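**Student:** Sequence:
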Amino acid sequence: MKKFIDHCCEKCTHTKDNPCKDFVKCCIEGPVCHESSSCSARRKAIIDEVALNDQFIIC
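If you use the working numbering, the sequence shown closes out at 208, no skipped numbers anywhere.
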């Protein structure tokens, strides 16, 4: 997973045909469709990388 739109693992239910209804929450707090500390860590790594950009703000 390199971007928020990428599946975090095979348990992820977000697809083009079946988009996650909680997509933004999943990107910030996720995953929300399953429990996984490793997936959460990968999401946090993306946030940490993007947060280095001064234009990125998490409300």
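There's no promise every hint is true.
To be verified - Cross-link-like lysine-lysine pairs, in silico, DSSO-like; alpha carbons within 30 Å at most:
1) Lys170 - Lys160
2) Lys151 - Lys174
3) Lys174 - Lys193
4) Lys193 - Lys170
5) Lys152 - Lys174
6) Lys165 - Lys193
7) Lys151 - Lys193
8) Lys174 - Lys160
9) Lys151 - Lys165
10) Lys152 - Lys170
11) Lys152 - Lys165
12) Lys152 - Lys193
13) Lys193 - Lys160
14) Lys170 - Lys151
Hint data in this document are derived by calculation from the structure and do not stem from the laboratory.
These figures come from a predicted structure and were not determined experimentally.
**Student:** Now, for every hint given, state plainly whether the structure supports it.
**Tutor:** We went through each hint and held it up to the structure:
no. : hint            : result
1   : Lys170 - Lys160 : 16 Å, holds
2   : Lys151 - Lys174 : 17 Å, holds
3   : Lys174 - Lys193 : 12 Å, holds
4   : Lys193 - Lys170 : 20 Å, holds
5   : Lys152 - Lys174 : 15 Å, holds
6   : Lys165 - Lys193 : 23 Å, holds
7   : Lys151 - Lys193 : 11 Å, holds
8   : Lys174 - Lys160 : 17 Å, holds
9   : Lys151 - Lys165 : 17 Å, holds
10  : Lys152 - Lys170 : 18 Å, holds
11  : Lys152 - Lys165 : 15 Å, holds
12  : Lys152 - Lys193 : 11 Å, holds
13  : Lys193 - Lys160 : 18 Å, holds
14  : Lys170 - Lys151 : 21 Å, holds
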